[in-house]
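Under my numbering, the first residue of the sequence shown carries the number 17, and numbering increases by one thereafter.
Incorrect hints may have been included.
[Stated by the list, open to error] Heads up, simulated DSBU-like pairs for lysine-lysine below, C-alpha to C-alpha not over 30 Å straight-line:
no., residue 1, residue 2
1, K115, K87
2, K50, K115
3, K50, K60
4, K87, K119
5, K119, K50
6, K119, K60
7, K60, K115
8, K102, K50
9, K60, K102
10, K50, K87
Honestly, the hints are just simulated from the structure, not real lab data.
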Amino acid sequence: MEINRKRFVAACALVTVGLAGTGLAHAQWAELLKEEGVNAFFDKQSVGRQSINRFAWVLLDLSEPIRVSDKEYASRMERWRIDCAKDTAAVLSVSLFEKAQGKGQELVAFDAPDWRRPGNAIRPSTYVAQLRRQVCPANDQLPSG
17 MEINRKRFVA ACALVTVGLA GTGLAHAQWA ELLKEEGVNA FFDKQSVGRQ
67 SINRFAWVLL DLSEPIRVSD KEYASRMERW RIDCAKDTAA VLSVSLFEKA
117 QGKGQELVAF DAPDWRRPGN AIRPSTYVAQ LRRQVCPAND QLPSG
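All chains, please: the whole structure from these sequences, using the hints.
So this is what it looks like as structure tokens:
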């Protein structure tokens, strides 16, 4: 019985070290934009690629909490799809958190019913424009068509 307990503890330690080593245990947030009232970051490790599309998580930290219904949230996490060729973006998922950096209780979560819907034009000087610059290749490296 003691040997099984030692194996279990050793296995748990290996899994924890393995998760930390692969980045699954913690995000690598890089700053996108810092403005009065909000700081925007994206998770470099979460960027996914599908043809000309890129998928990434964005974290918005608010300087002052915002009240929604009866609860205040201080940060929100968003999952974005960026179409690098068409210069469009669509938000796929949003979660509101009671504390900064996506910590504390998740107060509300929204998911887009159809992630394939067309995106909206990316406005210049926004955190989404900064995200596009970070995750998309240069225009001359995109497939034509």
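These are the hints, each one checked on the structure:
no., hint, verdict
1, K115 <-> K87, "holds (12 Å)"
2, K50 <-> K115, "holds (18 Å)"
3, K50 <-> K60, "holds (17 Å)"
4, K87 <-> K119, "holds (15 Å)"
5, K119 <-> K50, "holds (19 Å)"
6, K119 <-> K60, "holds (18 Å)"
7, K60 <-> K115, "holds (22 Å)"
8, K102 <-> K50, "holds (26 Å)"
9, K60 <-> K102, "holds (22 Å)"
10, K50 <-> K87, "holds (25 Å)"
Checked against the numbered hints above, the structure breaks none of them.
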